[in-house]
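Asks: All residue numbers for the sequence shown refer to the UniProt record's numbering, where the first residue is 1 and numbers rise by one.
None of these hints come from the bench; they were simulated from the model. Some hints here could point you the wrong way.
Straight-line alpha carbon distances no greater than 27 angstroms define the calculated BS3-like cross-link-like pairs of lysine-lysine that follow [what the hints assert, rightly or not]:
#: 1; residue 1: Lys188; residue 2: Lys238
#: 2; residue 1: Lys223; residue 2: Lys101
#: 3; residue 1: Lys247; residue 2: Lys217
#: 4; residue 1: Lys101; residue 2: Lys276
#: 5; residue 1: Lys276; residue 2: Lys247
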Amino acid sequence: MYDIGIIGGGTAGLTAAIYGQRAGKRTLVIEGGAFGGQITTSPKVENYPGIASVSGSEFSMNLLDQAMKLGTEPVRERVTGILEEDGIKIIVTTEREYPCKSIILATGVTHRHLGVPGEERLTGAGVSYCATCDGMFFRGKEVAVVGGGSTALQDAEFLSEYCSKVYLIHRRDSFRGEERIVEGLKKKENVTFILDSVVKEICGEIQVEGLELQNLKTGEKKKLPVSGVFVAVGQIPKNDPFENVVKLDADGFILAAEDCMTSGAGIFAAGDCRTKEVRQLTTAAADGAVAALAACKYLAE
1 MYDIGIIGGG
11 TAGLTAAIYG
21 QRAGKRTLVI
31 EGGAFGGQIT
41 TSPKVENYPG
51 IASVSGSEFS
61 MNLLDQAMKL
71 GTEPVRERVT
81 GILEEDGIKI
91 IVTTEREYPC
101 KSIILATGVT
111 HRHLGVPGEE
121 RLTGAGVSYC
131 ATCDGMFFRG
141 KEVAVVGGGS
151 TALQDAEFLS
161 EYCSKVYLIH
171 RRDSFRGEER
181 IVEGLKKKEN
191 VTFILDSVVK
201 EICGEIQVEG
211 LELQNLKTGE
221 KKKLPVSGVF
231 VAVGQIPKND
241 PFENVVKLDA
251 DGFILAAEDC
261 MTSGAGIFAA
271 GDCRTKEVRQ
281 LTTAAADGAV
291 AALAACKYLA
301 E
């Protein structure tokens with residue numbers, strides 16, 4: 001029997017594990033993929049207080065190491081749902097069941113797709129959702145980044161160090177991400193902004209050969225020859241397995257109060273998986289701490 005069962009091994013989940021173990025609670029973290037979450041793919045983390053610069057993989061591995069040294073039990077299994085029997089919550093995975101007194105959902109999000117012809121067929125053949133994972137395969141080549149938020153800007157910044165040309169395509173006339181990065185990209189000779197435009201098709205037989213773009217203001221269509229396209233148009237939650245135990249908003253994010261408490265007694269939500277205005281590394285860590293302390297309070301009642 002675990003005091004706290006955490007579903008998701010990213011920044012929020014691992015921070016919750018650290019706080020749970022430090023409070024003397026037997027804590028379990030279940031992760032279906034790689035521990036560390038999305039931040040592991042970031043080449044640099046420079047906006048976390050107290051740490052001037054660190055790679056995302058180093059940051060996340062330090063979190064995992066700290067949690068494990070405190071006694072957290074990590075498990076690599078895919079969670080399929082949550083059951084409740086006689087007041088005990090049971091995390092169900094593809095392998096077994098884990099009884100817990102309380103649960104913290106820290107499932108994060110997944111990448112949103114463009115939904116255009118050629119995208120699915122050419123994924124892994126020039127279409128990527130992770131610039132830091134696949135960028136090196138396009139050294140010296142021309143590529144496109146699609147999106148207007150911080151992730152798209154960071155992807156363009158990263159790729160500009162390796163690729164001969166980076167086109168940053170955004171459907172609006174201004175970006176939502178950090179102005180500092182935007183200004184830095186404007187100064188790079190190998191970065192070109194294509195604004196007010198959308199991708200209509202990703203072209204190529206076996207590999208990506210180019211994009212068909214359309215300007216939303218003029219309606220004009222044009223071909224853009226590129227060898228790769230990095231999609232960074234947002235994220236969607238992975239909360240479907242839990243819709244029977246907690247309330248979700250219209251977009252599928254978990255509804256949770258400031259104390260991270262959900263509609264399910266003894267079930268808390270932390271990080272990007274819950275409804276919130278800001279999704280950053282610092283807010284994920286903060287949620288993890290708040291959720292763990294709220295779970296401890298629940299256990300004491």
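Asks: Confirm or reject each hint.
Replies: Do the hints match the structure? See the list:
1. Lys188 to Lys238: This hinted pair is violated, its Cα atoms lying about 36 angstroms apart.
2. Lys223 to Lys101: It is violated: about 57 angstroms lies between the C-alpha atoms, which goes past 27 angstroms.
3. Lys247 to Lys217: 39 angstroms, violated
4. Lys101 to Lys276: 26 angstroms, holds
5. Lys276 to Lys247: 14 angstroms, holds
When the structure is compared with the earlier hints, violations turn up for hints 1, 2 and 3 and for no others.
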